[in-house]
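Chain residues, written in single-letter form:
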Amino acid sequence: MSGVTSIHLVGNALLVSIQDDVTDTEIVDLQDSLSHRIAEESVRGVVLDISALEIVDTFVGRVIAQLAGISRLLDAETYVVGMRPAVAVTLVELGMYLPETRTALSLTHALSQLRRG
Amino acid sequence: MPQSATATVLNILESHFSLIVEEWLGTQVREGVKRSDLFSDAESRAQNAELLKSFAKGVRNAAVDSDFNLEDAAWEDLRAVLADVTKERVNRGVTPTEMATFVLALKTPLFARLEAMREDDPAALIREVLLVTRLVDAFAIYTNEVFIAEREQIIERQREEMLELSTPVVELWDRVLTLPLIGTLDSARAQEVMENLLQTILERQAEVVIVDITGVGTVDTQVAQHLLRAAAAVRLMGAECIISGISPMIAQTMVQLGIDVGTVSTRSSIRTALADALKTVGYSIQKHREA
Amino acid sequence: MAETGQSDDTTLLMRVPLKGNRDVVAARQAVAREMKARGASSLRVTRFATAVSEIARNAIVHGGGGEMSVSIDRRKEYLVVECRDTGRGIEDVERALTDGFTTGGGMGKGLGGARRLSHDFRIVTAPGAGTLVRMSTRL
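Residue numbers (this note's numbering), protein chains in the order written: chain E, 1 to 117; chain D, 1 to 291; chain X, 1 to 139.
Bound-form chain E, shown alone (with noise of 0.2 Å):
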């Protein structure tokens, strides 16, 4: 996959950065790789680091929504982090609020969230 990099398990959770050639297809497959990952490590939480992207349509923003909501579904919280100011202008005015997703300044940030619980 060239659009992903590799995922990392940081701690407990799983770190994923997105690069900014991903493809639809790509991206449907890091959801499915990710779900089954969620379950294998018994992760608490994914930080999906989308600082790379300039562009988040409507396609990308509603597979983020639905990993939020499937990761969820599997005891781990998903973070987004990194949203460039651009993407997240360009979002709203999408109509994307991505409500049931978590947001973080940082890695940091969102790691001490996730030991916050």
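All the given hints hold, so there is nothing to weed out.
Under 7 Å between C-beta atoms, here's a sample of chain D residues computed to sit facing chain E: (1) Met-194; (2) Glu-195; (3) Leu-198; (4) Gln-199; (5) Gln-205; (6) Arg-229; (7) Ala-232; (8) Ala-233; (9) Leu-236; (10) Met-237; (11) Gly-238.
To be clear, the hints were calculated from the coordinates, so they are not data collected in a lab.
Yeah, the Cβ is synthetic: ideal placement off N, Cα and C, and Gly gets one too.
Fit chains D and X to the given chain E structure using the hints.
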């Protein structure tokens, strides 16, 4: 064989270059468009000289008959110089009329010479006068276009500066930002304000943003939508948003309009919003002395 | 239907085929590159490239594939993108532009959102005649 009109004009430009620069300057002074208050003699002379030089180059290399087109590559230098001189003059406060007259004044010294040279050949004189007219008029029109474009850019720049001044993002405390909104929010302004706010959150790693609407006159559905979008965008970045300064009137309007703030925190005053924000970032306020 | 990119007052910069799922990325990145090369702000780039992504995907997923053309206007102030597909067309455009409408199981925000993110946005479509979306942005 009589000289072509082009050759005559070229001859004049090349043989009497410095004199024409001076006479052009003289005409500009007489017409009141030199603007000595803005440009020194040396500067104006240099501008004329640059223009005349590229004018001559253009006449030498380009088509000046019925195929004349200032957009041709051969006129590139002249266009560039015209644009530079125009922008320089716009930026110092010259008016459009002054700019056009500045350029058109070139006709005077050229006509004077043509008249002197062609006493015996009215037909040739007319051809040459027409040629000069066509060219110089085109230059004046071009500077007008550049002028308008430059003015629009200046206005746009000023508008942006004004926006920045009127919607500053202030760091109230470590990791606490506040954005006091004043006046009305239109879509374009809302977008820019939002992006600036989010960029500041990123740079300061702010955890809480207090958007204060005390200074916003009326909150209608559109304004409320902008506010809720801003709060949603702040949350997407990983920070928390508190909307403060909701007056009783605004509260009534919002309820009557059916505006649902959902999960966005709201406070009636900055004071309570600040107390909340400080608590979120781990501080508490303690009184240690009676007033 | 008229070929994309032909117009008296625009210059064609490039054409991008819209066939497979990689082309959605190719299309939006091509537009982002052209905008950046012409000095557009990052906000403008993200907004418009996102809109293009929505439309390009629609053409591929719902329209059976097609082509995108990128052009620039004479004054070099606007970037114009046209996406054409040869699919079954959109029956009720107004309804399709309303957020929430979808035929493909998506969230249905793509088309309306793309319009909001563009400066000018036009759809030419008819049942059985494919769809042409012409969208532009200030640079």
